[in-house]
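Undergrad: Sequence:
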Amino acid sequence: MRRFSDGWQYAPWRYRPTRPAQALSRFSPLARRLLYLLTGLLALAPTLARARDALPIERLVLPPGFYVEVLSDQLPGARGMVLGPKGTLFVGSRGEGNVYAITLDPSRAYAAKVRTIASGLNMPVGVAMRDGALYISAVSRILRLDNIEDRLDNPGQPTVVYAKLPAETHHGWRYIAFGPDQRLYVGVGAPCNVCKRDENRYAMIGSMKPDGSDWRVVARGVRNTVGFDWQPGTNTLWFTDNGRDMMGDDVPDDKLNRLTRAGEHFGFPYCHAGDVPDPDFGREKSCTSFTPPMAKLGAHVAALGMRFYTGKQFPEEYRGNIFIAEHGSWNRSRKVGYRVVRVVLDAKNNVVKQDVFAQGWLGADESVWGRPVDLLTLPDGSLLISDDYAGAIYRITYRKP
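Its first residue numbered 1, the sequence shown is counted upward by one per residue in full-length UniProt numbering.
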């Protein structure tokens, strides 16, 4: 039996087949084919199956003094996260089409209540907050739910803020966030593994005013960013970028980039990881023509969310560090990623250290039970990690050993 925060208990349901051949013989050949198809589809929905079993967080390995707990495991497809001014945690999803609102327990140790405040949306991965309104990305559109924390039980229909983003769903899941300039920044991926398309429309980061006006291209040559943040003190934009596929197990690296001027070009599709010419387009432009990465993160790790640590709960050495969620590889001969890493900068913003902060979602036998997506620092200094594979959010805290 499992107990949830609302007091309800239930026993995990498990299908225990008996004499399957005899049971299936009752159905017509067409019905049997449909049953086999349904079985296959259910196999592709591991989140639902896993949600009935306790997540094995005891497998997660963290530095001494750090502890992890499950904030909620009732969030199928959990992706982007943002905290409202009144303390509500909003979470996007991808294929599920839902946006969730989590009312936290006063201790912030668990979710007191989980609501679905929007459903049926087209990959609402990104969420952002401004002036009490929740902004949601939905592939070609940016939506808005006004005064949302006062209307959690009756949010109404969202307002369309902007509807001119590309409609392609390949790399169409858009990370969004408000910058220090109060503009909404939007990641727009390339609609392919590698291709040449209009660089003012694809493979870039753009920004707009909160009302959807004044669209501008901020960065070009960005294959697919699903995480960015602004460095405290400098307000410079840093972001992850996923490297292309089909060039082998070990090339090219995913990247951590820094934007120093508007319109900067980071290489795609001509150059990858700063120094790897593309086999199809690399002859057209030299890698030296583009801005190199601040750090190489490894090939196929699928670096997604990134955040500067702004809290005070973790030890001093963690202040200002960058945490990056590695979603994990999908087409490598041996899996990599499935962890959270840390990047340490010096006073001149040089990368002086890269190490693993949290791991254990990937087993030694290459079994996987979770995939980190996004990160968020709570006001108490604890760190949240979303996991779309397990449909969960974890909370990491620190207590001096």
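Where hints are given, some of them may not hold.
To be verified - Per label pair, the in silico range of CB-to-CB distance:
| no. | residue 1 | residue 2 | range |
| --- | --- | --- | --- |
| 1 | 284 | 368 | 52 to 60 Å |
| 2 | 154 | 348 | 49 to 57 Å |
| 3 | 58 | 160 | 43 to 51 Å |
| 4 | 179 | 58 | 33 to 41 Å |
| 5 | 317 | 365 | 42 to 50 Å |
Hints in this document: simulated from the structure, not taken from any laboratory.
Note that the Cβ used here is the ideal one computed from N, Cα and C, for glycine as well.
Undergrad: Decide, hint by hint, whether the structure agrees.
TA: To see whether the hints hold, each was checked on the structure:
no.: 1; hint: 284 / 368: 52 to 60 Å; in the structure: violated, 38 Å
no.: 2; hint: 154 / 348: 49 to 57 Å; in the structure: holds, 51 Å
no.: 3; hint: 58 / 160: 43 to 51 Å; in the structure: holds, 45 Å
no.: 4; hint: 179 / 58: 33 to 41 Å; in the structure: holds, 39 Å
no.: 5; hint: 317 / 365: 42 to 50 Å; in the structure: violated, 33 Å
When held up to the earlier numbered hints, the structure conflicts with 1, 5 and fits the remainder.
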